[in-house]
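Taken in order, these protein sequences are the chains called A and B. Just so we're aligned: the first sequence equals residues 1 to 362 in the working numbering. Just so we're aligned: the second sequence equals residues 1 to 124 in the working numbering.
Think of the hints as simulated: they come from the structure by calculation, not from any bench. Mixed in with the good hints, there may be bad ones.
To spell it out: a stretch of chain B is covered by chain A in this simulated footprint if at least three of its residues, at any positions, have a beta carbon under 8 Å from a beta carbon of chain A; those stretches are [unchecked claim]:
1. 34-44
2. 57-63
DEER-style ranges, computed between Cβ atoms [claimed, not checked]:
3. A:272 <-> B:46: 53 to 61 Å
4. B:111 <-> A:124: 51 to 59 Å
5. A:4 <-> B:120: 19 to 27 Å
6. B:78 <-> A:308: 44 to 52 Å
7. B:117 <-> A:17: 26 to 34 Å
8. A:338 <-> B:92: 34 to 42 Å
9. B:48 <-> A:293: 44 to 52 Å
10. A:309 <-> B:117: 42 to 50 Å
11. A:323 <-> B:46: 44 to 52 Å
12. A:248 <-> B:21: 52 to 60 Å
Some chain A residues well away from chain B (every beta-carbon gap over 10 Å; in silico) [unchecked claim]:
13. 35
14. 115
15. 248
16. 294
We put the CB at the ideal spot given by N, CA and C, even for glycine.
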Amino acid sequence: MEDIKQVPLNDLHVNLGAKMVPFAGYNMPVRYSSDIEEHMTVRNGVGVFDVSHMGEFTLKGPDALDLIQRVTSNDASKLIDGQAQYSCLPNETGGIVDDLIVYKIKDNDYLLVVNASNIDKDWNWISRFNTKGVDMKNISSDICLFAVQGPKAVATLQKLTAADLSAIKYYHFAIGDFSGVKDVVMSNTGYTGAGGFEIYVDKAHAEKIWKAIFEAGKEFDIKPIGLGARDTLRLEMGFCLYGNDIDDSTSPIEGGLGWITKFTKEFTNSAAIKNQKEAGVKRKLVGFKMIDKGIPRHDYQIKDASGAVIGKVTSGTQSPMLSIGIGLGYVTTENSSVGSEIFIDVRGRALKAVVSKLPLIA
Amino acid sequence: MNIPETLQYTKDHEWVKVDGNIATVGITEFAQSELGDIVYVDIATKGQDLKAHDIFGTVEAVKTVSDLYMPLTGKVVELNAILEKNPEKVNEDPYGDGWMIKIELNGAASGLLSASQYKELIGK
Numbered sequence: 001m002e003d004i005k006q007v008p009l010n011d012l013h014v015n016l017g018a019k020m021v022p023f024a025g026y027n028m029p030v031r032y033s034s035d036i037e038e039h040m041t042v043r044n045g046v047g048v049f050d051v052s053h054m055g056e057f058t059l060k061g062p063d064a065l066d067l068i069q070r071v072t073s074n075d076a077s078k079l080i081d082g083q084a085q086y087s088c089l090p091n092e093t094g095g096i097v098d099d100l101i102v103y104k105i106k107d108n109d110y111l112l113v114v115n116a117s118n119i120d121k122d123w124n125w126i127s128r129f130n131t132k133g134v135d136m137k138n139i140s141s142d143i144c145l146f147a148v149q150g151p152k153a154v155a156t157l158q159k160l161t162a163a164d165l166s167a168i169k170y171y172h173f174a175i176g177d178f179s180g181v182k183d184v185v186m187s188n189t190g191y192t193g194a195g196g197f198e199i200y201v202d203k204a205h206a207e208k209i210w211k212a213i214f215e216a217g218k219e220f221d222i223k224p225i226g227l228g229a230r231d232t233l234r235l236e237m238g239f240c241l242y243g244n245d246i247d248d249s250t251s252p253i254e255g256g257l258g259w260i261t262k263f264t265k266e267f268t269n270s271a272a273i274k275n276q277k278e279a280g281v282k283r284k285l286v287g288f289k290m291i292d293k294g295i296p297r298h299d300y301q302i303k304d305a306s307g308a309v310i311g312k313v314t315s316g317t318q319s320p321m322l323s324i325g326i327g328l329g330y331v332t333t334e335n336s337s338v339g340s341e342i343f344i345d346v347r348g349r350a351l352k353a354v355v356s357k358l359p360l361i362a
Numbered sequence: 001m002n003i004p005e006t007l008q009y010t011k012d013h014e015w016v017k018v019d020g021n022i023a024t025v026g027i028t029e030f031a032q033s034e035l036g037d038i039v040y041v042d043i044a045t046k047g048q049d050l051k052a053h054d055i056f057g058t059v060e061a062v063k064t065v066s067d068l069y070m071p072l073t074g075k076v077v078e079l080n081a082i083l084e085k086n087p088e089k090v091n092e093d094p095y096g097d098g099w100m101i102k103i104e105l106n107g108a109a110s111g112l113l114s115a116s117q118y119k120e121l122i123g124k
């Protein structure tokens with residue numbers, strides 16, 4: 001077993017009172033005060049996640065786009081400079097190696113952001129297809145990533161940069177000076193649905209940037225946010241978590257990722273995925289809300305009214321916004337339409353839930 | 001960390017206050033802080049005779065669910081009605097308004113830990 005790693009600002013989080021837990025090979029802050037309080041801070045104000053465990057690869061050279069097109073499901077040729085796209089790496093057996101964000105910095109110059117738990121797996125996977133000498137670098141341990149999220153995020157961050165953040169659209173980014181540090185990536189992305197930016201900075205400047213963000217956000221009562229609230233925030237939106245909702249055995253079509261699966265090009269397993277899209281799938285990932293009182297959890301069985309098993313829960317929690325149980329799970333296609341009544345087996349009791357459209361808090 | 005000397009404890013992080021043949025049971029300050037925000041206390045064993053270490057219910061936090069174990073053998077005679085509407089009382093006041101059940105004891109109140117033994121167990 002490999003030693004557990006730390007993010008560069010580990011000690012700062014400990015001093016802020018964070019409860020640190022192992023996640024994806026890193027000791028990460030799971031909460032600083034309360035999951036619900038932190039959740040509501042992001043929905044109503046502004047909060048900052050240190051998600052420096054995430055992986056970053058740079059791909060450069062004349063064949064970088066070809067390689068990205070070969071390994072990812074979305075169409076990266078559509079990206080303009082300063083634009084990003086959500087995508088996934090299909091495997092050859094119908095599943096997904098990882099989900100990721102592809103950033104186009106400029107022609108022949110891309111940044112890929114991957115899940116921490118999959119850094120080595122993704123690196124090896126992409127390298128396998130790098131037959132034309134694309135210059136790949138794994139810069140994961142050099143980069144800190146701060147997700148500054150919430151309705152007050154832009155007002156906070158705007159104090160620290162001359163770049164006009166309000167002009168940067170969703171899934172677009174700028175690279176420039178931020179709080180006196182050069183070459184900071186300011187990306188209008190996130191995993192919360194609350195709005196805001198993700199800030200990528202060299203770890204040498206990370207502490208200075210973190211402190212500047214907190215100083216700028218003081219008037220909005222900015223707070224550090226742990227992975228606990230990150231999970232409830234993404235689940236209210238219905239965003240997938242790799243390893244829970246999608247994995248090596250779930251297809252992008254089953255996982256509701258048809259919208260990032262583009263058959264305008266060939267990529268790993270694209271012919272089979274296209275067939276699957278046309279023929280239809282047997283199961284689908286759906287969002288659901290509890291009608292009966294109870295909280296769905298990972299791996300709980302999903303049943304129909306007759307008690308027959310029709311799938312299982314992949315993620316579940318109590319929604320801080322709705323104060324009811326919510327979840328994501330796979331169900332048979334005939335039970336997957338919005339409004340379908342399903343039953344979650346919560347420790348032997350079949351509790352009623354309803355398949356609901358995403359986001360679950362809309 | 002608040003671990004009152006006047007209470008007794010279990011390895012499962014419950015506290016017990018014995019008064020005659022009635023024991024009041026809740027979870028410790030340490031337990032609630034490990035669980036995080038508690039959103040549902042699910043106890044359906046009122047009126048049942050249970051043995052020590054049997055599961056008498058579950059406590060649901062935002063992030064996780066945890067079973068609750070009988071610290072002693074007896075009948076569950078009362079549930080804390082406050083927790084139905086205000087489960088967060090377990091976080092706010094674990095030894096007071098956050099109590100969970102009362103047990104009518106069947107046998108001696110043995111096998112429990114003292115405050116100092118419990119402190120040692122959790123390394124505080």
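* **Coverage of the region 57-63 of chain B by chain A (three or more Cβ within 8 Å)** => holds (count 5)
* Asked: Given a hinted range of 44 to 52 Å, is it respected by the beta-carbon distance of residue 48 of chain B and residue 293 of chain A?
  -> violated (20 Å)
* Asked: So the hint says 53 to 61 Å: do the beta-carbon atoms of residue 272 of chain A and residue 46 of chain B match that?
  -> Between residue 272 of chain A and residue 46 of chain B, where Cβ atoms are some 55 Å apart, the hint holds.
* Asked: Measuring from beta carbon to beta carbon, are residue 309 of chain A and residue 117 of chain B in 42 to 50 Å?
  -> holds (45 Å)
* **Status of the given 44 to 52 Å range, CB of residue 46 of chain B versus CB of residue 323 of chain A** => violated (24 Å)
* Assessment of proposed distance window 52 to 60 Å (beta carbons of residue 248 of chain A, residue 21 of chain B) -> Since residue 248 of chain A and residue 21 of chain B have Cβ atoms about 56 Å apart, the given range 52 to 60 Å holds.
* Least C-beta distance between residue 294 of chain A and chain B, which was stated to exceed 10 Å -> Residue 294 of chain A is in fact no farther than 10 Å from some Cβ atom of chain B, at 7 Å.
* To do: May I ask you to check that residue 248 of chain A keeps its beta-carbon over 10 Å from the closest beta-carbon of chain B?
  => holds (25 Å)
* CB of residue 338 of chain A to CB of residue 92 of chain B, is that within 34 to 42 Å? -> holds (38 Å)
* **Whether the CB-CB distance between residue 4 of chain A and residue 120 of chain B falls inside 19 to 27 Å** => Once the Cβ atoms are compared, 26 Å apart, the range 19 to 27 Å for residue 120 of chain B and residue 4 of chain A holds.
* **Verdict on chain A covering the region 34-44 of chain B, where coverage means 3 or more residues with a C-beta closer than 8 Å** => holds (count 5)
* To do: Mind checking the hinted window 44 to 52 Å against the Cβ distance between residue 78 of chain B and residue 308 of chain A?
  => violated (39 Å)
Hint compliance for this structure: hints 6, 9, 11, 13, 16 are not met, and every other hint is.
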